[in-house]
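Just so you know, the protein sequences line up as chains A and B, in that order.
Heads up: the first sequence runs through residues 0 to 384, numbered per numbering that gives the first Met the number 0.
Heads up: the second sequence runs through residues 0 to 349, numbered per numbering that gives the first Met the number 0.
Derived from the structure by calculation, the hints contain no laboratory data.
Worth double-checking, as some hints may not be accurate.
[Stated by the list, open to error] Quick look at which bits of chain B chain A covers, simulated, 3 or more residues with Cβ under 8 Å:
| id | region |
| --- | --- |
| 1 | 163 to 170 |
| 2 | 194 to 200 |
| 3 | 210 to 218 |
[As the list claims (entries may be wrong)] Keeping only pairs whose Cα atoms sit at most 25 Å apart, straight-line, the calculated SDA-like set for lysine to any residue is:
| id | chain 1 | residue 1 | chain 2 | residue 2 |
| --- | --- | --- | --- | --- |
| 4 | B | Lys32 | A | Asp74 |
| 5 | A | Lys40 | B | His69 |
| 6 | A | Lys40 | B | Ala60 |
| 7 | B | Lys32 | A | Gly139 |
| 8 | A | Lys360 | B | Lys32 |
| 9 | A | Lys40 | B | Pro70 |
| 10 | B | Lys32 | A | Lys40 |
| 11 | A | Lys360 | B | Val215 |
| 12 | A | Lys360 | B | Ala210 |
| 13 | A | Lys40 | B | Asn15 |
| 14 | B | Lys150 | A | Gly364 |
| 15 | A | Lys40 | A | Glu54 |
| 16 | B | Lys152 | A | Pro363 |
| 17 | A | Lys360 | B | Val52 |
[Unchecked claim] Beyond 10 Å from chain A on every Cβ pair, some chain B residues (computed):
| id | residue |
| --- | --- |
| 18 | Asn15 |
| 19 | Pro70 |
| 20 | Pro106 |
| 21 | Ser117 |
| 22 | Pro178 |
| 23 | Phe221 |
| 24 | Trp240 |
| 25 | Pro258 |
| 26 | Gly318 |
| 27 | Ala347 |
Ideal placement from N, C-alpha and C gives every residue a C-beta, glycine not left out.
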Amino acid sequence: MNSRITLIRVAAGLSLAAALVFTVTAARTAPSLSASLVSGKAQLVSAGPLAFGPEGVLFVGDSIGGAVVALDTNDHTAPRSTVKIDVQGVDAKIAALVGVTPDQILINDLKVNPISRNAYLSASRGKGPDAMPLIARVNGSGEVSLLSLDNIPHSSVSLTDAPKANPGARQNPRVMTITDMTYVNGNLMVAGLSNEEWSSALRSIPVPFKTAEQGATLQIWHSSHGRYETESPVRTFVPYTISGQQYILAAYTCTPLVKIPVSDLKPGAKVKGVTIADLGSGNQPLDMVPYKKDGHQYILVSNTALGMVKLKADSLETYKPIDSPTVVDVAGVPYDSLGNLKNVQQLAQLDDADAVILTGKPGPGPAYAPGPAVGPLNLQTIALP
Amino acid sequence: MGTAAIAQSFSIQSENGAFKVAGWSAPLTEPAKGWSSVFAVYAGSAAVPALDVPPLLGSYAVEGGSLVFHPRFPFASGVHYRAVFHPPGGAAPVEKIFDGPPRDIAPLARVERVYPSSDVLPSNQLRLYIYFSAAMSRGEAGQRIHLLDEKGKVLPGVFLPGEELWDPGFRRLTMTFDPGRIKRGLTSNEAMGPPIVEGKRYALAIDRDWADARGVRMLEGFRKSFRGGPAERHPPDPAQWRVTAPKAGTSEALAVNFPTPMNYPLMERMLQVSGAHGSVAGTVSVDRQETEWRLTPREPWKAGNYKLVVDTGLEDLAGNHIGQAFDIDVFDHVTEHIAGNTISLPFAVR
Chain A
0 MNSRITLIRV AAGLSLAAAL VFTVTAARTA PSLSASLVSG KAQLVSAGPL AFGPEGVLFV
60 GDSIGGAVVA LDTNDHTAPR STVKIDVQGV DAKIAALVGV TPDQILINDL KVNPISRNAY
120 LSASRGKGPD AMPLIARVNG SGEVSLLSLD NIPHSSVSLT DAPKANPGAR QNPRVMTITD
180 MTYVNGNLMV AGLSNEEWSS ALRSIPVPFK TAEQGATLQI WHSSHGRYET ESPVRTFVPY
240 TISGQQYILA AYTCTPLVKI PVSDLKPGAK VKGVTIADLG SGNQPLDMVP YKKDGHQYIL
300 VSNTALGMVK LKADSLETYK PIDSPTVVDV AGVPYDSLGN LKNVQQLAQL DDADAVILTG
360 KPGPGPAYAP GPAVGPLNLQ TIALP
Chain B
0 MGTAAIAQSF SIQSENGAFK VAGWSAPLTE PAKGWSSVFA VYAGSAAVPA LDVPPLLGSY
60 AVEGGSLVFH PRFPFASGVH YRAVFHPPGG AAPVEKIFDG PPRDIAPLAR VERVYPSSDV
120 LPSNQLRLYI YFSAAMSRGE AGQRIHLLDE KGKVLPGVFL PGEELWDPGF RRLTMTFDPG
180 RIKRGLTSNE AMGPPIVEGK RYALAIDRDW ADARGVRMLE GFRKSFRGGP AERHPPDPAQ
240 WRVTAPKAGT SEALAVNFPT PMNYPLMERM LQVSGAHGSV AGTVSVDRQE TEWRLTPREP
300 WKAGNYKLVV DTGLEDLAGN HIGQAFDIDV FDHVTEHIAG NTISLPFAVR
């Protein structure tokens with residue numbers, strides 16, 4: 000099916016971005032990342048979003064623990080040929096390893112090690128506050144193994160602000176739930192949603208982690224029709240290069256997809272993304288994979304209600320941020336709805352031509368917000384369409 | 000305990016979370032194919048050949064001449080474990096099923112309270128905070144929480160899908176109304192309108208079938224009826240707040256009254272009182288449907304000058320915070336910039 004979506008070129012509104020120099024933009028001669036990690040027990044309370052950095056280092060977002068942990072996967076061998084993963088019932092296999100029924104395994108994220116092309120899954124053993132964090136590795140032979148967190152080179156950075164003076168409080172109920180992370184130019188960008196206040200910041204943490212350095216924060220805003228501005232948390236994002244310039248391609252919690260030049264991501268800045276697509280109501284983008292095929296740019300987007308969508312992204316090349324608050328441009332950008340790729344729960348790039356998907360029937364609940372997928376969950380390589 | 004298919008004099012025992020092969024003198028060196036080729040423990044009471052599931056992770060040791068398997072993860076309640084021993088020499092395998100700890104199936108969770116507690120919510124209400132009496136399970140909110148219209152019909156697409164925002168104890172869930180429908184000018188807002196319409200009646204319904212952290216349904220469901228009120232478009236204005244100072248020498252509560260309800264969890268932590276000797280310790284309470292904040296001091300008030308210190312992140316029900324509305328209409332007014340992260344309201348105790 001070939002459909003069209005509304006594409007809005009959004010006015011940037013008030014001139015808010017201060018001209019500061021931001022370390023994100025500076026390509027740095029970083030010290031060896033894996034050498035900065037120290038062996039020992041990685042204190043993970045939960046395992047949520049994943050991101051790979053250089054040298055096979057895996058960043059794990061721990062929302063309940065209020066931290067990001069960098070783990071050395073010790074997985075540095077490049078494959079001899081394209082990795083074809085095909086594991087049926089990966090949830091049942093993980094459940095078997097840890098001694099529970101498959102319904103007690105919640106898979107939280109999927110990423111591929113860009114060196115070894117092995118797939119990594121973060122998961123929970125159990126569904127309550129005592130759930131145990133798991134990091135599973137799936138190789139091209141379909142073997143499922145668990146990373147031992149008891150003795151692994153690691154380092155962590157706390158995302159928790161200094162505790163407020165509240166002597167009566169028992170356990171601090173505030174949690175910044177990490178919704179996504181990505182590694183760009185020596186920094187880990189971390190997006191989160193607070194369970195208390197709405198206003199939230201995108202954090203940029205220099206890698207390797209330094210003690211007590213939580214990184215610069217910046218406010219992410221969204222403007223609609225050049226008129227209404229909202230501080231708008233980012234839900235999912237990926238690095239993206241357009242004409243040699245580094246962007247992040249982000250989906251807000253209020254649905255629109257935007258592009259943000261990394262050079263705009265300055266400490267303390269109010270940053271507004273330029274909307275490239277508004278996928279509309281009753282839907283949430285889950286994961287995005289930008290890629291190039293036959294000389295054209297595409298973005299593969301997995302969604303809750305809309306399913307898998309392939310955005311034809313060549314026109315992004317010509318988009319420029321607009322400074323005037325009054326300019327509104329509405330245009331249509333074609334996309335293909337990929338009906339053959341159903342029930343995609345997780346999507347991750349494998350290499351230039353392939354992706355890995357985790358599929359399973361959506362859990363009970365409304366189509367735009369289904370519960371965790373019902374097993375068996377299958378992990379497989381697909382060619383980028 | 001389950002059944003056993005005993006062969007020869009071998010048996011499998013479970014003690015202190017480990018599994019032991021009794022009646023077999025284990026060699027001191029591991030077989031070429033690993034101990035797991037001889038002895039393995041599987042989750043589930045029956046093999047599922049189609050799935051080809053691996054055995055439990057764990058470590059092996061020869062203790063007192065017997066082979067012992069120590070699982071890496073503790074037993075889970077309600078799960079059966081199948082231990083299989085393959086005696087060297089080709090004798091028939093020995094299999095025994097063990098049960099994890101029994102599941103406690105007595106319901107004990109209920110919804111204790113929901114904020115905002117008012118029965119009128121602004122049409123751009125941003126969040127709900129649901130407090131449970133026991134730790135709950137993740138992954139069920141989308142199917143267990145419903146907003147019903149006045150005819151009892153479930154309204155679709157009301158809440159923000161995605162990650163469930165729990166506190167660390169899984170006893171408070173934060174639900175966010177879809178900001179794409181609240182925020183003016185977006186496709187969702189224009190196609191569907193705001194989730195709540197002024198003047199209409201609604202009910203928040205929470206199903207009893209929601210599983211607590213043990214997997215047991217709740218004691219009872221929950222229902223809260225409310226009416227849609229006008230949208231709140233302006234940031235809270237501290238100049239409109241009324242601070243009622245207590246009398247010196249008493250332990251009366253200091254009361255701060257707001258013209259409209261504020262965000263409950265933020266009221267609990269974003270207001271403080273400081274005096275000549277620093278922060279005033281005491282007990283905070285929130286009353287009158289989140290329009291009143293009270294601080295009862297631990298020590299009687301001393302006469303003097305005090306100030307109420309407020310984090311500018313304090314939000315009203317619609318996500319407007321001090322100095323900044325949730326969605327700013329850039330044509331109507333210029334954003335007021337508040338320097339710093341707190342504001343102070345002075346008062347005197349006499």
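Hints, verified against the model:
1. Given a C-beta distance limit of less than 8 Å, the hint that chain A covers the region 163 to 170 of chain B holds, as 6 residues qualify and 3 suffice.
2. With a threshold of 8 Å between beta carbons, the proposed coverage of the region 194 to 200 of chain B by chain A is violated, since 0 of its residues qualify and at least three are required.
3. With 5 residues bearing a CB less than 8 Å from a CB of chain A, the region 210 to 218 of chain B meets the requirement of three and the coverage assertion stands.
4. For the hint linking lysine 32 of chain B to aspartate 74 of chain A, the alpha-carbon distance of about 24 Å falls within 25 Å, and the restraint holds.
5. Under the criterion of a C-alpha separation no larger than 25 Å, the hint pairing lysine 40 of chain A with histidine 69 of chain B is consistent with the structure, at around 19 Å.
6. Pair hint lysine 40 of chain A plus alanine 60 of chain B holds up; C-alpha atoms about 22 Å apart against a cutoff of 25 Å.
7. With a C-alpha separation of about 22 Å, the suggested pairing of lysine 32 of chain B with glycine 139 of chain A holds against the 25 Å cut-off.
8. Distance restraint check for lysine 360 of chain A and lysine 32 of chain B: the Cα-Cα separation of roughly 37 Å exceeds the 25 Å cut-off, and the hinted pair is therefore not satisfied.
9. Restraint check for lysine 40 of chain A and proline 70 of chain B: the C-alpha separation of about 18 Å stays at or below 25 Å, so the hint holds.
10. In summary, the hint linking lysine 32 of chain B to lysine 40 of chain A is not supported, as the alpha carbons are separated by about 29 Å, beyond the 25 Å threshold.
11. The suggested pairing of lysine 360 of chain A with valine 215 of chain B holds, with an alpha-carbon distance near 23 Å, which does not exceed 25 Å.
12. For the hint pairing lysine 360 of chain A with alanine 210 of chain B, the CA-to-CA distance comes to about 20 Å; that is within 25 Å, so the pair holds.
13. This hinted pair checks out: lysine 40 of chain A and asparagine 15 of chain B have alpha carbons roughly 24 Å apart, not beyond 25 Å.
14. Distance hint between lysine 150 of chain B and glycine 364 of chain A is fulfilled; the C-alpha atoms sit about 21 Å from each other, no more than 25 Å.
15. With a C-alpha separation of about 20 Å, the suggested pair lysine 40 of chain A and glutamate 54 of chain A falls inside the 25 Å cut-off, and the hint holds.
16. The straight-line distance between the Cα atoms of lysine 152 of chain B and proline 363 of chain A is roughly 18 Å, inside the 25 Å bound, and the hint therefore holds.
17. Proximity of lysine 360 of chain A to valine 52 of chain B is assessed by CA-CA distance (about 20 Å); at most 25 Å being required, the pair is judged to hold.
18. Distance to chain A confirms asparagine 15 of chain B as a non-interface residue, since its nearest Cβ pair spans about 16 Å, more than 10 Å.
19. Once the 10 Å rule is applied to beta carbons, proline 70 of chain B is inconsistent with being away from chain A; the minimum gap is 6 Å.
20. No beta-carbon of chain A comes within 10 Å of the beta-carbon of proline 106 of chain B; the shortest separation is about 15 Å.
21. The Cβ of serine 117 of chain B sits about 19 Å from the closest Cβ of chain A, beyond the 10 Å cut-off, so the non-interface label holds.
22. For proline 178 of chain B, the shortest C-beta to C-beta distance to chain A comes to about 4 Å, within the 10 Å cut-off, and the non-interface label is violated.
23. Non-interface call for phenylalanine 221 of chain B relative to chain A: holds, since the shortest CB-CB distance, roughly 18 Å, exceeds 10 Å.
24. Here tryptophan 240 of chain B stays apart from chain A, with its beta-carbon at least about 19 Å from theirs, past the 10 Å limit.
25. Every Cβ of chain A is farther than 10 Å from the Cβ of proline 258 of chain B; the closest lies at roughly 20 Å, confirming the non-interface assignment.
26. Its beta-carbon lying about 4 Å from the closest one in chain A, glycine 318 of chain B breaks the requirement of being farther than 10 Å from that chain.
27. Even its closest Cβ contact with chain A, about 23 Å, leaves alanine 347 of chain B beyond 10 Å, as expected for a residue assigned away from the interface.
In this structure, the hints that do not hold are numbers 2, 8, 10, 19, 22 and 26, in rising order.
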